Amino acid sequence: MTTRTTLSTEPPTEGSEQGPAVPRRPGESTAVLPAATLTPAAAGEWLLDAAESTVEFTSAVLGGSMPAHGRFEKLAGRVLVEPDGQVAAKVTVDTTSVATRIPTMTMHLRTAGLLAVKRHPSAEFELDDLVVHGSSAEIRGRLTALGVTREVALNATGGLDGPELFRLEGEALLHRSEFGLRWNVLKMVPEDVRLDVRLVFVKAGSDRRTPDA
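1 is the number of the first residue of the sequence shown in this note's numbering; add one for each residue after it.
Possibly wrong hints are sitting among the right ones.
Listed below are the simulated EDC-like cross-link pairs for lysine to aspartate or glutamate, each with C-alpha atoms no more than 20 Å apart in a straight line [unchecked claim]:
#: 1; residue 1: Lys74; residue 2: Asp196
#: 2; residue 1: Lys74; residue 2: Glu169
#: 3; residue 1: Lys203; residue 2: Glu169
#: 4; residue 1: Lys74; residue 2: Asp161
#: 5; residue 1: Lys203; residue 2: Glu45
#: 6; residue 1: Lys74; residue 2: Glu52
#: 7; residue 1: Lys74; residue 2: Asp94
#: 8; residue 1: Lys203; residue 2: Glu52
By construction, these hints were calculated from the structure, which means they are not laboratory data. Computed from a prediction, not measured in an experiment: that's the story for all the values here.
From just these sequences and the hints, can you work out the full model?
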């Protein structure tokens, strides 16, 4: 699901150079931060604080009269920011950790006709591009779920919270049929699913997990 960096409230400058490609680990992609959003504190490796991060989804079942809410309780992620502003990022969701307020709904979501968690126990978002607009940004990347990869865009806000914490909040609208989720008895389930993410990253090597730690 995403990963991006709004590291200042200044607008990006035009005509900035991207520089050479940054070495990356397998499965990661790169994007470039505009010069105006890059600060010395941003460079380095950032690891997802799963205890402080959430990935939630909402579907307006029965036309919105019975909205279905859920979340994934196990997450992992990594962001690498190079000194020249190039970024590699990846977030992984453990789909077996899906949970709702209704136990029967939770079990139903895990079945082969929906999230098929036994066959597809994880979903991954890999960053491709950042479009910065002052203190907000559009995050573009590839979401792989149920063995299908689709391009996804998230509208997000966030930034550095001191030298060792980075926070991001964003949302995206997913079309479930694009990932093979076509189960829809009596047409009760709409096509669109809203995804809400709140991600907290901690600078690698830091002992600090939250602002109050």
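Checked hints:
For the proposed pair Lys74 and Asp196, the alpha carbon gap of about 15 Å is at most 20 Å, so the pair holds. As the CA atoms of Lys74 and Glu169 are separated by approximately 17 Å, the hinted pair is consistent with the 20 Å bound. A distance of roughly 18 Å separates the Cα atoms of Lys203 and Glu169; the hinted pair therefore holds under the 20 Å criterion. Proposed proximity of Lys74 and Asp161 is contradicted: the alpha carbons are some 23 Å apart, above 20 Å.
Under the criterion of a C-alpha separation no larger than 20 Å, the hint pairing Lys203 with Glu45 is consistent with the structure, at around 6 Å. Distance hint between Lys74 and Glu52 is fulfilled; the C-alpha atoms sit about 11 Å from each other, no more than 20 Å. Between Lys74 and Asp94 the alpha-carbon distance is near 5 Å, which keeps this suggested pair within the 20 Å criterion. With a C-alpha separation of about 14 Å, the suggested pairing of Lys203 with Glu52 holds against the 20 Å cut-off.
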